[in-house]
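Kindly generate the complete structure, drawing on both the sequences and the hints.
These protein sequences, in sequence, are chains A and B.
Under the numbering used here, the residue at position 50 of the first sequence is numbered 50, and the numbers go up by one with no gaps.
Under the numbering used here, the residue at position 112 of the second sequence is numbered 1112, and the numbers go up by one with no gaps.
If you're looking for bench data, these hints aren't it; they were derived computationally from the structure.
All of these numbers come straight from a predicted model, not from anything done at the bench.
Incorrect hints may have been included.
Stated by the list, open to error - Which bits of chain B does chain A cover? Going by a derived footprint, with three or more residues having C-beta under 8 Å, they are:
no.: 1; segment: 1040 to 1052
no.: 2; segment: 1095 to 1102
no.: 3; segment: 1105 to 1114
Yeah, the Cβ is synthetic: ideal placement off N, Cα and C, and Gly gets one too.
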Amino acid sequence: AQSVAQPEDQVNVAEGNPLTVKCTYSVSGNPYLFWYVQYPNRGLQFLLKYITGDNLVKGSYGFEAEFNKSQTSFHLKKPSALVSDSALYFCAVREVGTGGFKTIFGAGTRLFVKA
Amino acid sequence: DAGVIQSPRHEVTEMGQEVTLRCKPISGHDYLFWYRQTMMRGLELLIYFNNNVPIDDSGMPEDRFSAKMPNASFSTLKIQPSEPRDSAVYFCASSSSTGEYEQYFGPGTRLTVT
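Shown next as structure tokens:
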């Protein structure tokens, strides 16, 4: 069965500092991995995805994530945080080749960027 | 494209009443998903459709919940009768099986059952 874990409920970082939001996953085969962001009173917005190829993927708003197969991780990173990055971040996984489109979302990590 | 459209944005109803939530997916997308978000349980997949056919409804909490997709541009999630524990934000999302893998979410419907 697929699963995804976000070990931190909350991450605090000062503006201008690098940020990391952690995610680990479990699937039987190869994964499709995603990061989404949710601002207050809004739906989730797609940030980036790993499907295949380069382990470092770049996405919207300067975010990037690194796929690490041996550690089954897909951590979200940004070199310099902005106050406007404060939001709820979700990691998600879908198993390749299962024939379905079921995507499992993590519990979410709330990011606070302090000015 | 207008994105995924959901209506109503807010719904307040009394326990026992029927509630119908509506969703219009992005044109051309062949997958549609219904999710529920609460503080306690996070984001839960309720059901998803492919080409208007329900594929997995294992997340539907109980028989009070039903979902339909009569055509490619419209879906409904119905709760009958509603209960206070159904209070949540309900999201609809759509996706394409060709090329894209990510899901596009609507703004959600905030349901309050008193």
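Tested hints:
Proximity of the segment 1040 to 1052 of chain B to chain A, defined as three or more residues with a beta carbon under 8 Å from a beta carbon of that chain, is established by the 5 residues found. Coverage of the segment 1095 to 1102 of chain B by chain A holds [criterion: at least 3 residues with CB-CB distance below 8 Å; count 4]. Given as covered by chain A, the segment 1105 to 1114 of chain B passes the check, having 4 residues with a CB less than 8 Å from a CB of that chain where 3 are the minimum.
The structure fails none of the hints (numbered hints given earlier).
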